[in-house]
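> Here the protein sequences come in this chain order: A and B.
Just so we're aligned: the first sequence equals residues 669 to 1163 in this note's numbering.
Just so we're aligned: the second sequence equals residues 669 to 1163 in this note's numbering.
Calculated from the structure, these hints are not laboratory results.
Wrong hints could be hidden among the right ones.
Copies of the same chain are indistinguishable here, so a pair counts whether it falls within one copy or spans any two.
Below 27 angstroms or equal to it, Euclidean Cα-Cα: the simulated BS3-like pairs (lysine-lysine) are [to be verified]:
| id | residue 1 | residue 2 |
| --- | --- | --- |
| 1 | K1068 | K1143 |
| 2 | K755 | K774 |
| 3 | K774 | K707 |
| 4 | K682 | K892 |
| 5 | K711 | K755 |
| 6 | K982 | K892 |
| 7 | K892 | K861 |
| 8 | K726 | K755 |
| 9 | K726 | K982 |
| 10 | K861 | K755 |
| 11 | K833 | K879 |
| 12 | K711 | K1040 |
| 13 | K696 | K1162 |
| 14 | K861 | K707 |
| 15 | K774 | K861 |
| 16 | K833 | K1068 |
| 17 | K919 | K774 |
| 18 | K711 | K774 |
| 19 | K755 | K1162 |
| 20 | K1068 | K1162 |
There are 2 protein chains.
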Amino acid sequence: MNMFKDATIEEIEKTMQEAWQAFFTYRKMSVAQRAGFMKAIAKKLEATGDELIEVAMKETNLPEARLRNERARTIFQLNSYAAACEKGDWLSIRINTADTTTVPPKPDLRKMMVPLGPVVVFGAANFPFAYSTAGGDTASALAAGCPVIIKAHPEHAATSELVAKAILDAAADTYMPTGVFAHLHGQSFEVGKALVEHPFTKAVGFTGSLKGGKALFDLANQRKEPIPVFAEMSSINPVFLLPEKMQTEAKEIAQTYAGSITLGVGQFCTNPGLIIGIDNGDLQTFISALAGCIEEAAPATMLNPGIFKNYVEKRANSLTMPEVETVAVSTIEPAMYQGVPTIATATAEAFINNPFLHQEVFGPYSLVIKCKDITEMETVATHIEGQLTATLMGSLQDIKNNETLVSLVQNICGRLIHNNVPTGVAVCEAMQHGGPYPATTDARFTSVGPDAILRFARPVCFQQWENELLPDALKNENPLGFWRTVNGSLTREKI
Amino acid sequence: MNMFKDATIEEIEKTMQEAWQAFFTYRKMSVAQRAGFMKAIAKKLEATGDELIEVAMKETNLPEARLRNERARTIFQLNSYAAACEKGDWLSIRINTADTTTVPPKPDLRKMMVPLGPVVVFGAANFPFAYSTAGGDTASALAAGCPVIIKAHPEHAATSELVAKAILDAAADTYMPTGVFAHLHGQSFEVGKALVEHPFTKAVGFTGSLKGGKALFDLANQRKEPIPVFAEMSSINPVFLLPEKMQTEAKEIAQTYAGSITLGVGQFCTNPGLIIGIDNGDLQTFISALAGCIEEAAPATMLNPGIFKNYVEKRANSLTMPEVETVAVSTIEPAMYQGVPTIATATAEAFINNPFLHQEVFGPYSLVIKCKDITEMETVATHIEGQLTATLMGSLQDIKNNETLVSLVQNICGRLIHNNVPTGVAVCEAMQHGGPYPATTDARFTSVGPDAILRFARPVCFQQWENELLPDALKNENPLGFWRTVNGSLTREKI
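Here chain A stands alone, though its shape is the one from the complex (with noise of 0.2 angstroms):
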């Protein structure tokens, strides 16, 4: 697959060795340092040149924008996460000052977050950059003040390789030390379960499949020290239609949403799989324009051919189902390792009683499920796994009268999304990347937005210290100018 070697044992296990030196020197760095490191790896990464997207287009397929374009997001995130990470509302700082009038008297009480340790981060085969080698998990545990173990993607090994060597560039011009950052092959499993096995590592960061994804959790949890795994897995991201809305708009909602469906050739963790309406005439009216565009879509080639021989499998599997009716598949020839645009049909009694048909199709494929009415639709709603996202299509009023289907599909997903497409996710404070699983393996966390940083620190609460022995976050003059709750009340005075 590449000409990259696995990590050996030794190599791994002087790797986790420097990571943990580098630890208690990289934790004691202040904000604006871990900031400067991140912001050097976006001007290195600026600097990559056509040789970077050249490389990676030959390993993903990805077409030159795109990629071009997720470079450009990939340093956007870094900086914006250093920003982050410098204003630092994530540390949560906590003050309660001493009060020595109540019995018993009340000692004075500092929190505020600190680093967890090494954070072993696995790359995803869909974002070469932006969810890999220096992506949000990387950023995130920079800012939080933790070494990072990149666990190379083998399908864009040679990719992650010049992504690491901008990153160690980084990490010398701005004088960190080393084992702050180590990049390492592995093709084979055992590599990353030694990783994720290794006592040092204290957290891991992963992107992909539910397998994937479930194997680095169970592995995590068995430790004889468990250690917190975020893994962003699988999402069909659910829509449902609403029936007034679909009395008017049903043809520009199929339009839409075929540009959804097939966007990326459907490989975005955030590609809708699966969409639910009322069986009627302005359903029919729908899939009838579906069709229409998803016949007229053109095949494109996939990331791998693991992916798409994925693809390949799980669609037939899902089409061959009795209960499922291939409704529309594109008309253009597709060439090698290109994914077909299609979309098919179930009841919602099929879809309720098979959970075969609930798994991640990944790649341009669509289920539209037909429901009786509303109450079979909450039904459906209450069959549905944890998503990253659900989207409602429908009207002021269908929101009004539906209370309890609203409140059915906020409660399974992490983005609940009104008359838009869940595809795009912006990088911003307000951004919710994550959900129940199997959409991700804890809920309580993002893995975009600087919100993500949390998911590598903890708090540490400081019991009466000296002023001039406290971290500079936690001293009375705030010389960080940090927000703070102080005594209840958030603020940036001194004390």
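Position chain B relative to chain A; hints supplied.
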């Protein structure tokens, strides 16, 4: 052990069905309504009067004054978490308004915390009020919007029954939905297992032994849908005695610590079970003074025969290790079920090589570790597992001279104490009651202070919702006056 029958599988099923139904009503209730319920519980608890104290005294052997204080603390906790619930900081609101000038345009995104779902809480043996039926976990879950199912601690089941009645009365008075709170008995592990494995259970709170907590953690992770467990388990709360401080204060420190070791018959999770010093004349002075206090300390009745038996066995196992030397035992004859205050010593080498010496001996027992020098003390620190607290007794100069040690010690604990004792856990924003495994199952959370609510909540992002359809907390007008991060800045202003 107690007169209550274990809940049957049918009762558990009915309870969880009701909790699930209640969840969809309770989660929509305003923070003011939830706070109203919690304050009503506090009032009802206050009204339990002498009866509750008498029953609890019989079941736990705890003295009256301690139980009255603990009830007062529990009432304070309920009221303070209710206030935090209403104040809304825990909702972690982030808003990024739409930006149509970018390519692609950014949708309106608004994120806030929502409840996970029904939470199963296991009461603690050592805190029949503050960490049991109406304790910190219950208050946290109710504030988050989660129904609570209590598995009563079998050793204070009648106490639990009375507290549960107070909660149910409060629920009725404040028009809470049936199922918002339930109380089940279970002496058998099967009851707890069935509750943790039930698909409607979405999180677990536990305070108790490492064995018990780890068993629940494993069950939760092995579910088809893994769920978060916050288990507060095992901590020996190491205390490091630094050389300059010891030159002048060895005796005073010994007296202070004798009090901390024997407080509440050593039955606190923050009891200092390990004291680490440098083997010199000052440490001899410290040990002699500590021995004097311990010999005079009166044995006292432990919580229950099981905990007493456990103490006797673990203490005996530790004292009979060839590397361990008994230094002082209370000279006062113990009555039945009374724990005998005891101090022993061992060398650093023995501690490093014998993991058994790292185990918690729950009761008035502490082991003093003699190190050759600071370097050996650092080695001891690297061999100590995760802790709720760690303490440094040292002068300003001691702290400045021993940066490596301070850094190592900070890395193993949730609360880092300077010249103070670990016993006594103030309920306030800055408290961290948590720590790396095995102190808890997730170092990123606390079980004391309003941040404890975050264990049972997850973020949901609303994308492109009309203002009138949004929850009040996210509306442009900010009708609840919450602090919110709007386009990157913390503010209470409207949009």
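> Are the hints correct? Go through all of them and say.
Against the structure, the hints come out as follows:
1. Proximity of K1068 to K1143 under the C-alpha cut-off of 27 angstroms is restricted to the inter-copy arrangement: shortest distance 16 angstroms between copies versus 50 angstroms within a copy.
2. Proximity of K755 and K774 under a CA criterion of 27 angstroms is satisfied inter-copy only: 23 angstroms between copies versus 30 angstroms inside one chain copy.
3. Only between protomers do K774 and K707 lie at most 27 angstroms apart by alpha-carbon distance; the minimum there is 24 angstroms, versus 42 angstroms within a single protomer.
4. When the C-alpha separation of K682 and K892 is checked against a cutoff of 27 angstroms, the pair qualifies only within one copy, where the shortest distance is 21 angstroms, while the shortest distance between copies is 36 angstroms.
5. In this assembly of identical chains, the alpha carbons of K711 and K755 lie at most 27 angstroms apart only when taken from the same copy (20 angstroms versus 42 angstroms across copies).
6. In this assembly of identical chains, K982 and K892 lie within 27 angstroms of each other by CA distance solely across copies; the values are 21 angstroms between and 37 angstroms within a copy.
7. For the homomeric pair K892 and K861, the shortest alpha-carbon distances inside one copy (14 angstroms) and between copies (22 angstroms) are both at most 27 angstroms.
8. Proximity of K726 and K755 under a CA criterion of 27 angstroms is satisfied in neither setting, with 39 angstroms inside one chain copy and 53 angstroms between copies.
9. Proximity of K726 to K982 under the C-alpha cut-off of 27 angstroms is restricted to the intra-copy arrangement: shortest distance 25 angstroms within a copy versus 63 angstroms between copies.
10. In this assembly of identical chains, K861 and K755 lie within 27 angstroms of each other by CA distance neither inside one copy nor across copies; the values are 36 angstroms within and 44 angstroms between.
11. In this assembly of identical chains, K833 and K879 lie within 27 angstroms of each other by CA distance neither inside one copy nor across copies; the values are 30 angstroms within and 45 angstroms between.
12. For a Cα distance limit of 27 angstroms, the shortest separation of K711 from K1040 qualifies neither inside one copy, at 55 angstroms, nor across copies, at 49 angstroms.
13. When the C-alpha separation of K696 and K1162 is checked against a cutoff of 27 angstroms, the pair qualifies only within one copy, where the shortest distance is 22 angstroms, while the shortest distance between copies is 38 angstroms.
14. Proximity of K861 and K707 under a CA criterion of 27 angstroms is satisfied in neither setting, with 31 angstroms inside one chain copy and 49 angstroms between copies.
15. For the identical chains of this complex, K774 and K861 are neighbours neither inside a copy (46 angstroms) nor across copies (39 angstroms), given an alpha-carbon limit of 27 angstroms.
16. Within a single copy, K833 and K1068 get their C-alpha atoms no closer than 54 angstroms, and across copies no closer than 37 angstroms, so neither meets the 27 angstroms cut-off.
17. In this assembly of identical chains, K919 and K774 lie within 27 angstroms of each other by CA distance solely across copies; the values are 24 angstroms between and 65 angstroms within a copy.
18. Taking the shortest Cα distances, K711 and K774 sit within 27 angstroms of each other only across copies (25 angstroms), while inside one copy they are farther apart (48 angstroms).
19. Taking the shortest alpha-carbon separations for K755 and K1162, both the intra-copy value of 16 angstroms and the inter-copy value of 22 angstroms come in at or below 27 angstroms.
20. For the identical chains of this complex, K1068 and K1162 are inter-copy neighbours only, at 24 angstroms across copies versus 47 angstroms inside a copy, given an alpha-carbon limit of 27 angstroms.
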